[in-house]
Structure formats: C-alpha cells, structure tokens
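Colleague: Now for the letters of each chain:
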Amino acid sequence: MSQVPTELRDDLPTFEEAPPPRDHGPIDWTGLTSISTAKTALEIGAIAALAAAVFFGAEAILRLTDTPTYVFPKPTAVVKTLVEDFGSLYAPHLWVTMQEFLIGLAIGSTVGLALAAVITQKPFVEKVVAPYIIAMVTTPMIALVPFLRLKLGFGLSPIVFAVALASGPMVLINAATGFRRTDLAKIALARSYGASTFQIFRRIRFPLALPMIIVGYMVGSIFGLLTAVGGEMVAASEKGGLGQRLVFFSSLIQMDKFGAVIMIVAALGVGIYVLFYFIGKRWASWEA
Amino acid sequence: MVLDPRAATAPASVLEDVNAATAKIRVVDATKVYETKSGPVNALEGFSVDIRDGELICILGPSGCGKTTLLWAMSGLHALTRGQVLLDDQPIAGPRPREIGMIFQDANLLPWRNLRQNIEFPFEIKRETKDRERIAGLVEVTGLAGFEGAMPRELSGGMQQRASIVRALAQDPAVLLMDEPFGALDAFTRDEMNLLLLNLWSETGKTVVFVTHNIGEAIFLADRVVVMTSRPGRLARIYDIDLPRPRTIEMTFEPAFIGLIQEIKRTVEAGGPRTLEVE
Chain A
1 MSQVPTELRD
11 DLPTFEEAPP
21 PRDHGPIDWT
31 GLTSISTAKT
41 ALEIGAIAAL
51 AAAVFFGAEA
61 ILRLTDTPTY
71 VFPKPTAVVK
81 TLVEDFGSLY
91 APHLWVTMQE
101 FLIGLAIGST
111 VGLALAAVIT
121 QKPFVEKVVA
131 PYIIAMVTTP
141 MIALVPFLRL
151 KLGFGLSPIV
161 FAVALASGPM
171 VLINAATGFR
181 RTDLAKIALA
191 RSYGASTFQI
201 FRRIRFPLAL
211 PMIIVGYMVG
221 SIFGLLTAVG
231 GEMVAASEKG
241 GLGQRLVFFS
251 SLIQMDKFGA
261 VIMIVAALGV
271 GIYVLFYFIG
281 KRWASWEA
Chain P
1 MVLDPRAATA
11 PASVLEDVNA
21 ATAKIRVVDA
31 TKVYETKSGP
41 VNALEGFSVD
51 IRDGELICIL
61 GPSGCGKTTL
71 LWAMSGLHAL
81 TRGQVLLDDQ
91 PIAGPRPREI
101 GMIFQDANLL
111 PWRNLRQNIE
121 FPFEIKRETK
131 DRERIAGLVE
141 VTGLAGFEGA
151 MPRELSGGMQ
161 QRASIVRALA
171 QDPAVLLMDE
181 PFGALDAFTR
191 DEMNLLLLNL
201 WSETGKTVVF
211 VTHNIGEAIF
221 LADRVVVMTS
231 RPGRLARIYD
241 IDLPRPRTIE
251 MTFEPAFIGL
261 IQEIKRTVEA
271 GGPRTLEVE
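As you go down the protein sequences, you meet chains A and P in turn. The letter at position 132 of the first sequence is residue 132 when you use the numbering used here, and the numbering goes up by one with no holes. The letter at position 184 of the second sequence is residue 184 when you use the numbering used here, and the numbering goes up by one with no holes.
Hints were generated in silico from the structure; no laboratory data involved. Treat the hints with care, as some may be off.
Unchecked claim - Think about it this way: if two alpha-carbon atoms lie no more than 25 Å apart in a straight line, the pair counts; the simulated DSS-like pairs of lysine-lysine are: (1) A:K186 - A:K281; (2) P:K37 - A:K122; (3) A:K151 - A:K281; (4) P:K37 - A:K127; (5) A:K186 - P:K126; (6) P:K130 - A:K186; (7) A:K122 - A:K74.
As the list claims (entries may be wrong) - Beyond 12 Å from chain A on every Cβ pair, some chain P residues (computed): (8) L77; (9) G101; (10) Q105; (11) N108; (12) S156; (13) A187; (14) L195; (15) L196; (16) G205; (17) P255; (18) A256.
Glycine is no exception: its CB is placed at the ideal position from the N, C-alpha and C atoms.
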C-alpha cells in the first residue's frame, strides 16, 4: 500500500478532473462595469448637446403648452428650488437617507462577503442555504419595512435593517460566484511554495474573486439605495428622508420640489455607479 | 530493489547505471489511481526511475499518459496511491519549497500582479526577504529587463514563460520540475526557450525534470529521455542521448538526431513493451 502518510493526502483536486465552468451564477451584472467611457471631443460634445436638448427642449414644450407646475414642473423651476432650498429643504433629508444607506450597506455587505467566503468552501452548506439566498435576492425588502417599523420603532434602524437585507444577498451571490472561480493551477503554484490555506485564500482566491466582489458591491449599493428611498416612502422614520419627502411634496402637489428630490436620488444612483466603475478600473482592470 | 528496465532493451552502447548513491530523485513503483464517476482510472502504474544529481531528464509520452501525474507526485502536490518518490533519500510527502521549483504549463502567472510582483510571489508566501540581486540577475539573463512593471497580459507567451522560470529560479531550488512549459508556444519561440533553458541549466547545474510530448524537444534538451506508455502510464524505455553539448539547433537536422526521433516515435507508438513492467 501507499508509503505516503495519509495526513498528507491533501484535498487538492487533481488537474485530471475538469475545472468547473466559469459561469456567473444566476445573475450576471458584469455588463454594468464594462461600458466604455467617452474619449474624443466629438463624443463629449454629443453627450453635452443631447443633455442640453433634453433640458431646454422640455422647458420649451412646457412653456409653449403653458403646463402648470402641478402637472409637470419646468426644468428651470426644479433647478431653482434645488439650488435655493438645498440647505433648508433637502440636505437634512439627504443626510438621513445617506445614514440609513451607508450603515445598512456596511452591515449587509460585510455579512454577505463573509458568508460568501465561507459557503463556497463548503459545497454542502452552499446547497442547503441556496434556496434562502435566492429568496432573499428576489424578495423586495421594501415589503418588510412596515413590519420592521412596528418591531424596531420610529428611528433609523428599520430602514437600516431593510437596506442590509437588500444589499447583503446581492454582495453574497456575486462574491460567491467570484470565490467559486477556483484556478487549480494557481492554487497548485501557491501550494508548491508551501502556502497555507489562509495564504491561498488571501493571495489567490480573494484576488481572483475581487472583480465579482466589486460588481456585488455595486449591485448591492443600487438595491440598498432603492430600498432606503422606497422604505421611507412606505414608512419613514420621524426624521424623514428623501423617500418621505417624495410622498410629502407630491401630496402637496409641489411638483418642482418633488422633481428636485428625484434629481438628488438620481444623482446618488449615478454617483454609486461611477464610484464603483472607477474602483473596478483601479482594482480589477487585469480582467479586461 | 528496483529492476532497471533498460537492461532488457538497452542499445549496445554502454549505459552508466544510476545507483541509489548517486540518485538525486528516486521514483519507486509510482502508481496513481483516480476515482472518477465512471470508475477508477489508472493514471500511472508501477513507474520507477532514478534521476542523477545535475541531470536534465525528459519524460516523454502521449497525452494522458500520466506525465503530469508523475510530476505532481514528485513535487509533493498530490500523493501517490502506491509507491513513493525520494529526494536525497527522503520520501516526498508534501510540497518542498526549499528544494523543488515547479514550472507549470502556460506560465501560470497571476494576472493581477505585474512581472516583478509575480517573481516576488514565492518570497511573500515563504515570508522571506526578497533576493533582489538574484532576481535582477535572472531578469537580465532572460531578457526581461525593462518589463518588470508590465502586466502578464501585456506580454507574449514566451516572455510570460521566461518570467515563470525566473520566479522558480529566484528561489534557488536544487530541482526544477517543468510540466510541458513550452507546449503552448510556437516552434520558433520554443527553440529560443529551449536554448535559454540549456544555458540556465549549464550555468546553475540544477537537476531538471522536463515533461513534454514533443520528441524533438526531449532529445534536444535531455541527457536521458524516459518514454512512457499511454494510460496507464508505465515506463516503456529510457534512452541515453549522447549528442554533444552545447547543443545547437543545427544538430536537430543531423541524421543521428532524426534517427533518434524515429526510434523513439516507434517506441511511443508501440505503447512500449509491457514486459518491462516493474514488479
């Protein structure tokens, strides 16, 4: 029989077994990170021209048809209230929403990332918990907000909790896809230099998963923002928030102020996208 | 004791026997059975060979004959089902980063690290101070100077494989195990890399075990060529290559070289005489 000690029979799969296919799991968001940016003056000019056409075109149509503000606000009126009332009407609520969003994202993504790292090491655990993860990914967490409000009171915590529940599974599912990308040759390389399991994780598995982790954070952030604003619309805290302002201004038919809040929410969403786009460019550019 | 399977079929030329005292690596009765869904697969069966210190030995065989299985067992990356590998008379039972350097198919560089970071990777794993002087010397010799900051995908296959050789040699291992390192390269780059390898080998005096399925490459490089049968991989025959050194590309056009190719090709195609099975 074998003369090699049994404790050294490692669990490293051999090269003769086909490597698992590199699928992106049930949800593939990688397209979000691979839009090319404008480079030439022509492209930038065209983008600016279209933006101006939309803005002033809408303004012209609304003026010509003499549409009242309560039906549809003029772009200039929206910009006017946004600039003049930012500090008094919008900034406090922006701050409330940002707190809910950032704290919720921090909690949800940390738990999601840690779970992804653990479950991908144990295929059995992954199979058992997969249905719950799918359920959490597909259930709109906004639906839980009224319930959470009853349980957790009228502070920020119910929305923070909902944001964590919405963003966590997104980070988890994408990060898990990343951690499943096991490149046996690269693991063998590290092992041949005597790498420990932790070193293999830190030096091989984690960098290999990083592009998908970044995608997970991007998608999780977008879902988190959605849940924060939506949750405030459903059942806001006593401090308000951007979603609560949307309900408030629309109930008063102050559509210019409503439009201003929409602009702030849209800017937040685009900001998240741009931030992660550049993070991806900086930390995952090797996977072009 | 291990029988020397060459005894039965060795050509008339007198072969110098490798005995246990001079062997750097001894592979004894190496057998590996993989458990697959369609039943056990015998990848390697009763393979034995003794490898001299400082020798460049090529292991040649058709695809799927267990060459890589053998090499991974020699590197300690996986265990054998039966038999063992001895390095300096010590059984190999796990990776031996101090003595063995491994060079993989397709360079196997880490794509998120630049060339310098790739070369320094083993130092980080071993938590050792980087031997910058040695690295700089190897980078110079392999013609990689000036490319230290480049990312792997910006480099040609040949340059990537040079970097992987530097990565292994920077550790100064006594033994270099090479797993079809130049298999993915075009013929011209392959010649170039083979010459580079011979230069590095003659300067450093490492023991090199080179796995390939290319007969010409094996003869060009090797002191001895070990021919394996197709699955299960067994020893078919060992050829001593008496071509003078330093070897040149010109030699590969000479009748002696071509004759060797033909002879080895016949051995490979015949699947090797089964009577050579080592008990």
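Colleague: Now tell me if each hint is right for this structure.
Modeller: Going down the list of hints, with the structure as the test:
no. : hint            : result
1   : A:K186 - A:K281 : 23 Å, holds
2   : P:K37 - A:K122  : 20 Å, holds
3   : A:K151 - A:K281 : 42 Å, violated
4   : P:K37 - A:K127  : 20 Å, holds
5   : A:K186 - P:K126 : 16 Å, holds
6   : P:K130 - A:K186 : 21 Å, holds
7   : A:K122 - A:K74  : 57 Å, violated
8   : L77             : 5 Å, violated
9   : G101            : 8 Å, violated
10  : Q105            : 7 Å, violated
11  : N108            : 5 Å, violated
12  : S156            : 17 Å, holds
13  : A187            : 24 Å, holds
14  : L195            : 25 Å, holds
15  : L196            : 21 Å, holds
16  : G205            : 21 Å, holds
17  : P255            : 38 Å, holds
18  : A256            : 36 Å, holds
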